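Trainee: With chain A fixed as given, assemble chain B onto it according to the hints.
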Amino acid sequence: MSGQKSHEANPAMTRAINSDMNRFFHRGPTILCIVLALCSVTILINDLWPFLQNGAGMNVIFHPDETDFDQILFHFSTLPRITMAFICGAGLALAGAAIQTVLRNPLASPTTLGVGAGVEFALTVFLLLAPAALAPFKEAAALAGGMIALGAVYLIASRRANATLWLILAGMIINLMLQSGTQIFLLFNEQYLQSVFMWGAGDLAQNGWDSTQFVLPRLLVGVAVVLLLSRPLDLLALGDDTASSLGARVTILRLLILGFAVFITASVISAAGLIGFIGLAVPAALRIAGLTRSRDLMIYSLLTGGFALLCIDFLVRQMNGLGGDIVPTGAATALIGAPFIILILRKARIMPGQQSEDHHPDQQIVSKNVLSLVLVFGLVTGLGLSLFVSFNGHDFVLLTGGESFHDILLQRSERTFAAIICGAALAVSGTLIQRVGRNPLASPEITGVSSATALAMIIALVFFGFGQRADLMFVGAVGGIISLIILLLLCRKFTHTPHYLLLNGLALTAILGAIVRIALTRSGTQTSMLISWLAGTTYFTRMDEVLIVAGVTVALLIVVIAARRPLELASFGNDQATSLGLGISGFQFFIMLLAAILAASATLLVGPLSFVGLMAPHLARIAGYRLAGGHLLGAVLIGANVMMVAEWMARNLLYPQQLPTGLIAALIGTTYFLFLAIRKR
Amino acid sequence: MIRHLFLRLFVIAGLTAALTPQMAHADPITIEHEHGTLKLDAPAKRIAVTNWATTETVIALGLDPVAIADPNDYLDWVAKPDLPENFTDIGQRAAPNMEALRAAKPDLIVISKNLEMAYDNFNAIAPTIVLSVYNNNRDALPEAQKLLKTLAKATDRQAEAKAWLDDADVKFAEYGDRVRAAMPPGHALAITQFVSESHIGLYGKSSLPGTVLAKMDLPLAYQGPVNNWGFAKGGVEILGPRAQDTLVYLNPVPDVIREKVWASPVWKILDFVKNDRVYELPVVWAYGGMPSALRFARLLAESMESGPVK
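Listed in order, the protein sequences are those of chains A and B. If you want our numbering, it's the position in the first sequence, counting the first as 1, plus 13. If you want our numbering, it's the position in the second sequence, counting the first as 1, plus 1.
Same shape as in the complex, but just chain A:
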């Protein structure tokens, strides 16, 4: 514990990296960079080879023969694509390095902190809603989207004891929220789906130099500014105290650097779409390889990132055309990059041990008794209302009878109960994870089990054409179990099991995101169904499934309520619990296992996203349900209520159109967290 503490106390994050790597100071990064550069040169020569053979090598680069299609194609498609790959990779890696250094967080990056999702959301809304006259402000909108997202993340995470982890979790929340928002817009603007997906998946296909001309000058400005500021950045890396004692205007400097990092990211994403993980993996890998000074890190990141994306894009280009479809570069990069998180976790000991002090920084916003009453009352009346009252676009309609009274009631209750059970299961799961993980921002979504379950179902649906619900449920369950085993293996050696579970979950979620993007670009007319399913819909749910999941939830709830005393102790932290004679690791693991099973069941029923598992336990805790048993029950009540409301809104808000329940729940959940964050100021 004390050893872990010193890592947190030591503000120079870079020193927290394994010190034995320092022997290879600069050698590792140089080798990495040179190898990638050599690969890039080889790729360039490979692409140029046909022209070199007939002596047109120089021509094709500078003055292509206007009558030769191959030359034109190379000059206006291949060459700009290679250039764009380098520029985008370089820009994102540099932005990542800057953000990581400023925030002193090796897991920070444009994608993990929601900047990418913010830019994407802003651009999607702009594309769909803005009148043509506003076109010149597109870039400003993108920049604003990125800044606001980053601001929100920072707002949620700031002034927390364990800012490193909070920042990543907050990033995840904002990411999920913005993605939900983007999806709602897309669901009702289907004609743009394919185009937005191609861009959103980060495909680098070019048919001219326009994009290059757009990104390059912006990148140069961004790089120049960030590099100019990199001297003070080294001071920043020493921590606020040291830096301010050295006279640097810390806050302004930080904001400037972050601003320009976001500017670079927004420019790249505007032109090329979301390219994940270069900004995270490259600087982190370089740091693991031994780079410590920020100026060096930036320059190396710039080059390595550029070369790396160029190489990845080459591989992607080779895969294109096979089977008549495209693998978008951005999604492929995320797929390759996500495992890096796991690597980074292993190399950099970033998880400190101090969480217990973060017990209740939030004020109580509602009293426990009032809330309990409201919740029970809400559940009962809400149930009646959602079963018997609907909205048909003009009026509220009361279901009183009629020939198909029973059938309508049955179908409504199927969906309503599915939502309620799902809310309850996620609430229990979230409570367990937040208690054992001792982190009020942890949630079932980020164990990765939900993601893996959904991932398996999507792959089966889109790539293998499974169409039967029972088959999909089976595949999903298998996916969930496999991911559990993987998590088990990954976390075997770690002392801080809960945190590593969460962060490995982050990697899994990122992989899910990447595969979903690939699936969406190739799902043809099935796209909107996939979106609503991913966002969480009760549309396909059946009563027998609801009953099974209800059974599992109730059984596990009874188990954890029986185990509430050890759970209470586990919430205090290792020292106290171990001194009380509890084998904490095994117990923690058991609880995490239960949480994962519940999350997977809820995913099977409704879909992977909802935020209820995050929001319900959090609200229950700050409402005063502090003891484990009460906390669980309070969370269950809140979770069930929220999902019930979300389900009714999803069915009736835009009648006859139906929104995915998960999207509504996600919007309720994130609004709640933003509200908390603002209220805290």
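Misleading hints may appear alongside valid ones.
As the list claims (entries may be wrong) - Only pairs whose alpha carbons sit at most 30 Å apart, straight line, appear in this in silico DSSO-like list of lysine-lysine:
{"no.": "1", "chain 1": "B", "residue 1": "K150", "chain 2": "B", "residue 2": "K216"}
{"no.": "2", "chain 1": "A", "residue 1": "K151", "chain 2": "B", "residue 2": "K261"}
{"no.": "3", "chain 1": "B", "residue 1": "K311", "chain 2": "B", "residue 2": "K269"}
{"no.": "4", "chain 1": "A", "residue 1": "K151", "chain 2": "B", "residue 2": "K269"}
{"no.": "5", "chain 1": "B", "residue 1": "K206", "chain 2": "B", "residue 2": "K269"}
{"no.": "6", "chain 1": "B", "residue 1": "K269", "chain 2": "B", "residue 2": "K172"}
Just so you know, the hints here were simulated from the structure itself, not pulled from any lab data. What you are looking at is a predicted structure, and each value in this text was computed from that prediction instead of being measured.
Mentor: Same frame as chain A, now just chain B:
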């Protein structure tokens, strides 16, 4: 009470139907579909449709569907045949609203395999059949024909269907001749749809445009690998090997995308662009049924005769 009344009405209606001489079907109609076999006691009259291929096919048979999904987008993407005056909007194709569907009181619901997971829920509202034209690695035109014939059987309009198909055969041949007459000999047609400013979809052999061209005895330029919906997707450069052919693109294309593609150097260098062999078709649904197939053929002939895009 009300229920009994309906029941009685139903019985009376059934008896009348059975006794009317034009109803030769004393036997139930048996329909084989992708989710088993369905027996209908009487021909379906109130059909609910959940995708546009079915929508237009039912309309082509001379019946007005009582419930239609995504009717507004239909106008943008399918355009013709016109939708009936009165019908119930049942929301998105991906998730038709069950309560709206029930309120429309259909006697037959047609879904594609995209919605098969909810089969039991549909079937609880009215007898449901699963018929898919796409996403099954089969040729689109024969599947569209099968859809028309199956729906004709379910509605007891086989005679109309046969007349429609015979007429279509003649027209396909006629449009084929017209295209051949308007097109330089030895050219193949590359049928495309713009996906984004730098991506294009190229319809292959199994797609609706591809199979219609085969029916019209016209050469299709792209014969390569395709995805489940019968097209290949890629950068504009995938048109390179097809540059000597004639290019036809389908609408709708957002203006932004069209302008960007037209301004790009790679597009400008393509042989069919330089030599004015790019043709535009008005809105036509490339994932439709027989009416869209015939509409595609007609629009192609008309477009070829009125000349290339300048």
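Trainee: The structure should be examined with respect to each hint, and the outcome stated for every one.
Mentor: Here is what the structure says about each hint:
no., hint, result
1, K150(B) - K216(B), "holds, 18 Å"
2, K151(A) - K261(B), "holds, 16 Å"
3, K311(B) - K269(B), "holds, 12 Å"
4, K151(A) - K269(B), "holds, 27 Å"
5, K206(B) - K269(B), "holds, 27 Å"
6, K269(B) - K172(B), "violated, 35 Å"
In this structure, only the earlier hint numbered 6 is contradicted, and the remaining ones agree with it.
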